[in-house]
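Generate the whole structure from the sequences, applying the supplied hints.
These protein sequence lines map, in sequence, to chains A and B.
Taking UniProt numbering, the leading residue of the first sequence gets 1, the next gets one more, and so forth.
Taking UniProt numbering, the leading residue of the second sequence gets 1, the next gets one more, and so forth.
Label-pair ranges, simulated between beta-carbon atoms:
(1) ASN34/B <-> GLU87/A: 27 to 35 Å
(2) SER32/B <-> ALA94/A: 21 to 29 Å
(3) GLU56/B <-> GLN4/A: 23 to 31 Å
(4) ALA94/A <-> GLN63/B: 25 to 33 Å
(5) ILE67/A <-> VAL27/B: 52 to 60 Å
(6) VAL62/A <-> ASN34/B: 40 to 48 Å
(7) GLU87/A <-> GLN65/B: 35 to 43 Å
In case anyone wonders, no lab produced these hints; they're calculated from the structure.
Note that CB positions come from ideal geometry on N, CA and C, so glycine has one too.
2 protein chains.
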Amino acid sequence: MNQQLLANFNKAFESKARLSIMSVLMVNDSLSFNAFKELLGLTDGNLATHLRALEEAGFVSVQKQFIGRKPNTTYSATDTGRQAFTEHLNALEAFIRGI
Amino acid sequence: MNQQLLANFNKAFESKARLSIMSVLMVNDSLSFNAFKELLGLTDGNLATHLRALEEAGFVSVQKQFIGRKPNTTYSATDTGRQAFTEHLNALEAFIRGI
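Here is the structure:
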């Protein structure tokens, strides 16, 4: 049964928003909150919730700086995050192939 | 950006349980509640909630019969469900390939 193929399915990445956030961070070293907002078309609250959950899971790290006097928050995937996301995608891929 | 590839991502199928339920119904004409329970290792309440949500979305149909005097509830994928699930898997596949 295909469920074994989903052993590495990671609930932290299941939503469209989380898949999108992680895929962006796989190919960009870091991205600002506003760039994410624009790219994903999410509300501030929704985006912040997803980013915080990924941060709490240890999959995303947050950098807070100032550009001049303006605060600028950027996000990066951690090594753990990259590995877990890759495993999640591999699980999905194997699952889809198995159907 | 890969998000466009997720245009057909369907929230109704995002969880591991829903992916598993639908994949089973893609290859089985119908399955009983108890067979699902055994196969997926979900609690009655959890399984019932997922099946009801898929039924309410029009993706799963329910057949209630009696075997002798015992009630037997079975579930099938509807044509709409098969199509929507296929589109969801295609979206995931394209998304994964795009990363």
